[in-house]
Amino acid sequence: RGKKEEKGRKETKSHSLRLPAPLPSGGSALLSSPSLPCSDFEYTLGSPKAIHIKSGESPMAYLNKGQFYPITLRTPAGGKGLALSSNKVKSVVMVVFDNEKVPVEQLRFWKHWHSRQPTAKQRVIDVADCKENFNTVQHIEEVAYNALSFVWNVNEEAKVFIGVNCLSTDFSSQKGVKGVPLNLQIDTYDCGSGAERLVHRAVCQIKIFCDKGAERKMRDDERKQFRRKVKCPDSSNSAGMKGCLLSGFRGNETTYLRPEADLETPPVLFIPNVHFSSLQRPGGAVPSAGQSSSNRLPLKRSCSPFAEEFESLPSKKAKEDDLQRVLLYVRRETEEVFDALMLKTPDLKGLRNAISEKYGFPEENIYKVYKKCKRGILVNMDNNIIQHYSNHVAFLLDMGELDGKIQIILKEL
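Using our numbering, the letters of the sequence shown correspond one by one to residues 1 to 413.
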């Protein structure tokens, strides 16, 4: 009898530690559960993993629009053995399309979505104002409408709550069209030495539903899986299986983001023609000892009254003007992360003005601006090149100074 009890305890322990089977992998290594080899960083989304995905694809989670879900970031070794210049890293959480879609197509999707929102201030991704965010991350910043960043300590587990405000079916005017899957992507940078270096990237697919549609979709998938298993010859315990599948979410209640090998492709950031006095969220840093809590600014951007939020949609002319906007991605030779330069006007003056504002020197000090093509050809930057051949292009920015005059060379990547 004692041996039987011991055997039962072992079986119970084994059952409590059982992990779901890993998804089929393809391309880069798939981190779908802690049973697989650990990466330097590990990110999880607090939503059950979808049952049915194609072989080789990233894990997928179903989310409800506007609902906040926890994202947990950690280093399995507690930050030990990482080749970082500091124990603080910056992570950028973003909602993006897969890289099979060219940047122009991705931006077309985002502009279509943005034009249908009741307010021009509507963001793709938001972060919740909750105490747990303050305790684990710092310097939360809205870097784009579809991206936000924060700083966290690799020696401790970090957690933020994010919500996605678009549906998978929002990117087409036709009804009945299958929803477009999006990617939740997290890029982590080593920024302790002053130059931000991308050290890790991971993604998972997300499909966003309305009115608790995520739960309904998960239950539908479970029923389909049960029906398939019933047809299999080895489904001897189908009754017990049905009770397990239809009683709610079972197994892994989180989705692990899959590490990506591609650390070169810059993400497409969506920054529409809407002016904020500051994109950075105040209150991310810890206030000084002399600052009272009543004077402390809230983390989230303060909201305007309800009537002001529902502004009239942009006119046709405003949309045409928005199409003339030019966005460049630039970085210095010593930097890893790109800065976004939004030109107020699609011409040389707009470029000079954007560079002047970004790097903090007078616009009149800029003497010459050149573009160096991939073939090594050096040309004078002019209005035609900026308007027709520079939108969403990535450049290395080289600045030289002589007698107080600054020469700019944009090297196309």
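In short, the hints are calculated from the structure, not lab data.
Positions of the beta carbon are idealized from the N, C-alpha and C atoms, including for glycine.
Treat the hints with care, since some could be wrong.
Label pairs and their calculated CB-CB ranges [stated by the list, open to error]:
| # | residue 1 | residue 2 | range |
| --- | --- | --- | --- |
| 1 | P181 | P266 | 48 to 56 Å |
| 2 | G360 | R325 | 35 to 43 Å |
| 3 | A77 | C210 | 38 to 46 Å |
| 4 | V393 | R219 | 13 to 21 Å |
Listed below are the simulated DSS-like cross-link pairs for lysine-lysine, each with C-alpha atoms no more than 25 Å apart in a straight line [unchecked claim]:
| # | residue 1 | residue 2 |
| --- | --- | --- |
| 5 | K344 | K372 |
| 6 | K111 | K88 |
| 7 | K212 | K178 |
| 8 | K65 | K159 |
| 9 | K372 | K212 |
| 10 | K217 | K121 |
| 11 | K178 | K88 |
| 12 | K65 | K101 |
| 13 | K405 | K344 |
| 14 | K65 | K212 |
| 15 | K159 | K101 |
| 16 | K217 | K207 |
| 17 | K88 | K101 |
| 18 | K121 | K65 |
| 19 | K111 | K65 |
| 20 | K207 | K159 |
| 21 | K88 | K121 |
| 22 | K405 | K358 |
| 23 | K411 | K374 |
| 24 | K344 | K358 |
| 25 | K65 | K217 |
| 26 | K207 | K178 |
| 27 | K217 | K374 |
Hints and how they fare:
Checked against the hint of 48 to 56 Å, the C-beta distance between P181 and P266 comes to roughly 21 Å, which is inconsistent with it. Remark: the range hint 35 to 43 Å for G360 to R325 is contradicted by a beta-carbon distance near 23 Å. Between A77 and C210 the C-beta distance comes to about 40 Å, which sits within the given range of 38 to 46 Å. Separation of V393 from R219 is about 45 Å and departs from the stated range, judged on CB atoms against 13 to 21 Å.
Restraint check for K344 and K372: satisfied, since their Cα atoms lie roughly 23 Å apart, inside the 25 Å limit. Distance hint between K111 and K88 is unfulfilled; the C-alpha atoms sit about 35 Å from each other, more than 25 Å. About 18 Å separates the Cα atoms of K212 and K178, which keeps this hinted pair within 25 Å; it holds. A threshold of 25 Å between alpha carbons decides the hint, and for K65 with K159 the separation of about 20 Å falls inside it, so the pair holds.
At roughly 51 Å between alpha-carbon atoms, K372 and K212 are farther apart than 25 Å, so this suggested pair is violated. Among the hinted pairs, K217 with K121 is inconsistent with the structure: their alpha-carbon atoms are about 30 Å apart, more than 25 Å. As the CA atoms of K178 and K88 are separated by approximately 41 Å, the hinted pair breaks the 25 Å bound. Between K65 and K101, the direct Cα distance comes to roughly 23 Å. Compliance with the 25 Å bound is thereby established for this hinted pair.
A C-alpha spacing of about 23 Å is found between K405 and K344, which places the hinted pair at or below 25 Å, so the restraint holds. This hinted pair checks out: K65 and K212 have alpha carbons roughly 9 Å apart, not beyond 25 Å. For the proposed pair K159 and K101, the alpha carbon gap of about 30 Å is over 25 Å, so the pair is violated. Restraint check for K217 and K207: the C-alpha separation of about 10 Å stays at or below 25 Å, so the hint holds.
A distance of roughly 33 Å separates the Cα atoms of K88 and K101; the hinted pair therefore is violated under the 25 Å criterion. About 17 Å separates the Cα atoms of K121 and K65, which keeps this hinted pair within 25 Å; it holds. For the suggested pair K111 and K65, the alpha carbons sit about 19 Å apart, so the restraint of at most 25 Å is met. Of the pairs offered as hints, the one joining K207 and K159 holds, with about 21 Å between alpha carbons and a cut-off of 25 Å not exceeded.
With a C-alpha separation of about 31 Å, the suggested pairing of K88 with K121 is violated against the 25 Å cut-off. A threshold of 25 Å between alpha carbons decides the hint, and for K405 with K358 the separation of about 17 Å falls inside it, so the pair holds. In summary, the hint linking K411 to K374 is supported, as the alpha carbons are separated by about 7 Å, within the 25 Å threshold. A C-alpha spacing of about 13 Å is found between K344 and K358, which places the hinted pair at or below 25 Å, so the restraint holds.
This hinted pair checks out: K65 and K217 have alpha carbons roughly 14 Å apart, not beyond 25 Å. Annotation: proposed proximity of K207 to K178 holds, straight-line Cα distance about 11 Å (limit 25 Å). The suggested pairing of K217 with K374 is violated, with an alpha-carbon distance near 47 Å, which exceeds 25 Å.
Comparing the model with each numbered hint stated earlier shows that hints 1, 2, 4, 6, 9, 10, 11, 15, 17, 21 and 27 do not hold.
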